[in-house]
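Once you have looked at the hints, place chain B on chain A.
Chains as they are written, first to last, in the working numbering: chain A, 4 to 620; chain B, 4 to 620.
Since the hints were derived computationally from the structure, they do not count as laboratory data. None of the hints are false.
Any copy, or any two copies together, can satisfy a pair, since identical chains are not distinguished.
Below, a list of computed lysine-lysine pairs in the DSSO-like style, where the Cα atoms sit at most 30 Å apart: (1) K468 / K368; (2) K528 / K120; (3) K468 / K452; (4) K479 / K380; (5) K70 / K479; (6) K479 / K528; (7) K468 / K429.
Number of protein chains: 2
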Amino acid sequence: MKFIFFSLFFLPMLLCSSVECIHPHPLDPLTPSELNLVRTIILKAYQTSTKHINLTFQYVGLHEPDKPVIHSWLSSKTKTLPPPPRQAFVIARFQKQSLEITLDFPTRSIISTEIYKGHGYPMLTFDEQAVASQLPFTYEPFKHSLKKRGLNISHVLCSTFTIGWFGEENTKRTLKIKCYYINGSANLYMRPLEGVSAVVDLDEMKIVAYSDKHVIPVPKDEGTEYRVSKMKPPFGPKLKGISVIQHDGHGFTIQDHSVSWANWVFHLGFDIQAGPKSLFHTKTQRRNDAYYSGSDGTPVKISNAFCIFEKYAGDIMWRHTEIGIPNEVINEVRSDVSLVVRAVSTVGNYDYVIDWEFKPSGSIKLTVGLTGILEVKAATYTNTDQIKEDIYGTLIADNTIGVYHDHFLTYYLDLDIDGEANSFVKANLETVRVKDQKTPRKSYWTVVKETAKTESDARVNIGLKPSELVVVNPNKKTKLGNTIGYRLVPGSVVHPLMVSDDYPQIRGAFTNYNVWVTPFNKSEKWAGGLYVDHSRGDDTLAVWSLRDREIENKDIVLWYTMGFHHVPSQEDFPVMPTLSGGFELRPTNFFESNPVLKTKSPASMHFPNCTSQHYYD
Amino acid sequence: MKFIFFSLFFLPMLLCSSVECIHPHPLDPLTPSELNLVRTIILKAYQTSTKHINLTFQYVGLHEPDKPVIHSWLSSKTKTLPPPPRQAFVIARFQKQSLEITLDFPTRSIISTEIYKGHGYPMLTFDEQAVASQLPFTYEPFKHSLKKRGLNISHVLCSTFTIGWFGEENTKRTLKIKCYYINGSANLYMRPLEGVSAVVDLDEMKIVAYSDKHVIPVPKDEGTEYRVSKMKPPFGPKLKGISVIQHDGHGFTIQDHSVSWANWVFHLGFDIQAGPKSLFHTKTQRRNDAYYSGSDGTPVKISNAFCIFEKYAGDIMWRHTEIGIPNEVINEVRSDVSLVVRAVSTVGNYDYVIDWEFKPSGSIKLTVGLTGILEVKAATYTNTDQIKEDIYGTLIADNTIGVYHDHFLTYYLDLDIDGEANSFVKANLETVRVKDQKTPRKSYWTVVKETAKTESDARVNIGLKPSELVVVNPNKKTKLGNTIGYRLVPGSVVHPLMVSDDYPQIRGAFTNYNVWVTPFNKSEKWAGGLYVDHSRGDDTLAVWSLRDREIENKDIVLWYTMGFHHVPSQEDFPVMPTLSGGFELRPTNFFESNPVLKTKSPASMHFPNCTSQHYYD
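In isolation and in its complexed conformation, chain A is listed as follows (with noise of 0.2 Å):
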């Protein structure tokens, strides 16, 4: 039986329990007690006085083992192979420096701390931002501002944005704050106080800049609101609802970290660098609960940071209608379900839903869902015909303009194709004129494969030439001599739009192109580089593959890039419905045949769909 393992994240492909593990697993992620242990340790090693600590933890989280130590205790068969040593990595910022600390646990002690020493400063804690966003408040210019524009102060709310990096020789962990307003409708985002922006200084956790350019009003209150329990009737359209009884109960099973699912089996865990904030309920599985460390170190939990879930969309699975054998009708369908691990992240703003569906079929469908609040800047206009300039948006509501801009997301995919040697295979459609005069046809097309030798070869653009990416193990064969592999079926296709040579996309370079192939390192995890705060691009994606690595017949991670050009519109306000992209993995001569051919649409199937072979009433 083949299998192929992956390490997959966009999101957290990885599922935390709120208690100890029975059946730990060396991907399971830091538990409560583990984040407490890792608190404990460091305060005490860096305890400056008994009264206040002046360290604060950014990021905490697994430092996962080397992938030869997984593989060997995975296959040990009865798994009576004690599981690897449990580690943690921490980056804390202390005296105003980076501080990358390992921490056994085994041995309850630190294994190694380094001063990072590059550009770029770790994950923001959810405590500064707080704290950054309330110093306006009792900064004297600020509340000048207020009113000069006649605002209430208690109506004010301040939220915070990372400022990114434009080439200065110097940087300082700074923070721009951006407010807003706020009585009656939640939508803040709606209602920006624009033209006044602050900046803090994080490390001295103090207002280091202040902006006040120009007085435009704040957007109206009135349309803003999404609350229902705000909104007066009428409501509608009416949308009738359905119960949906599982009479033989859902068809997966968790334990601990592992899921199982038809022929699916696979672990989930939590990373917060990967997974911020994410809320919403979930009806299967009362453990969905995730941690982190809070910037004290002290565990915060997230509940149902996850939600898994059975498909049932009326989807076919395959179906064939056969009506040329004589005297016979033959109709064969079968009906589709999918398992579905979802995650929401709100980033402020937006809210991202993020669903790794998995088929019985063997693919993977990954779909990105973009909804939540656009980010707006105030105007003076309440009519196009008063728009004598570029807007650098659209006029989506009175005094409201909804900027243009992208989002771009990168997938990590360590696909190990039934064994860790694998190779990227470009089998490239290539159009060829006939020479052959008997025949009446001029052109045909076909396959030529090209298999990459260096990651210069593995960097695509997608859309320029037809082209099916495959990730290969070459040293496996169907029985009919096919290489197996998994193939990456792209949805629509962006590309950036900024030069190459400006701050942000030097910075955010990954997104050069679509589909990258790295040698597996350990360290090259984050496409952006691991502190991308202020970061310079010189720890991203695309400067790794710069070393023009060998990638063939060897443990090698894809990258994709999936993104959105948004160019906003009046539906997009003062919500937005979701908008959907994706892309599928696919095996592709990873199975002998169809490895649905003999799966059973589910029993008892009675759905508002017509794959059902079962009339109802």
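Just chain B now, kept in the frame of chain A:
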């Protein structure tokens, strides 16, 4: 209230009923009575002897009233205006000619007859294909071919294939016959009699050419079966089922051919040229019978040509989580429900699942699912290491090559955005280098809109440069002044790979661009021409477009071509798991704001998903 009229079909958008309509609509398809009347009138006119009619009905369909007439009737407030007179359009074969006959029902008379003098022939009828496919069995050379291969004639089955055109000066109405072996499995397509083919002249109903090129053994039966009744255990993976109850009944209503659901109202019909075989069950609507005319003119019923159902896939209509307001956590989620109108078109071996998904947000999602059975050729190969040449396909089973091929599907989208006078706008996303020295930004992107004036402005190959493609009503604006419209959001995009002067590419030149826009012209309905069989490409969308007509502020039609390049893999054997692709038509400043802001999630939603805000056990 704005509305969008559309006449959209790739496959039929129109729903037929089995009884006369109580509330007739000008676009209702022909009823059985009307089909019978057509037959009666025409046979009477062409009866050459009392015993034998040598006229066949190749196509019978509604002769649609002109759009202004339909609109007048639709807008007459109490619908007291009688519907426009019903008429039929017939293409018949008579004395080796194609006759175009228009009939008027009120006067029960033929109102026009023309002999088609162009190239190409009309649709083939099921009957003539059935008769043609029987001819080999009384043809001596064929019987000899079978003996030579040791095949039992009672297990042989033949099927029909259109021939196309490859530059011949003169053509006859011919058809190719290829045969298969079925001695166990129903999967004839996986068991071709390679190297054997016959050409039948349909007007003579005689074999006029025969070829037996080489003997290649028929691939074996084993592994090709797909009927569950013929399979033995083990089956799997096991998928658990669900029972769904719609407590308040389903949310849509159907009256004759009109469908109402949520905020959508539309008329559904059926046309045989657009929608051939469609056989599947539906829960909800017993009145989904489509009728077409058999070759002798008698009505033939297709049961369950369409399936209409509400889709609850666990998707999110919109959501937002807000933690930026101190001491509050806001979580608003709305569950998405959509209405799917599905037709399945099985064209011999391949099954196309065509979905029109209507969303409360005003979007229409078009999806095509490819499934069914590949077209293969038999070969002597049982392993790739025996292959020393290009086989123009993939070895997918012993002795079986899945040939490389393409699917292109063209959608005819006569969008009338709140009126007929529309324009096509290309909102091009353009990179701009920043000249202002005061800002550290070096670039940004903005939108430069281009309204297409003539057809040549509107031929678009998607992917070359980023652009939003919008059909707008330039005479209607939102209160804010934005022009109202609907935009096309593509999924993955394909382009043809044959050279442009290759005969199939000339005939299929409508695939040269993904997007075309033409001025509405009642006769321009079929992208490949009405007489596609043996067509020469002189009456295609590409040819009409060469006239470079004006398309600004007029009644225009949007044509969108999507497709798939298919490099078969072993998973496609013996029947392929569905591969889906599609696109979306999305309101763009059509509404003043989010049209589903005040849409509540369906009540009593108990569903295995995580969009519901209620816990349940």
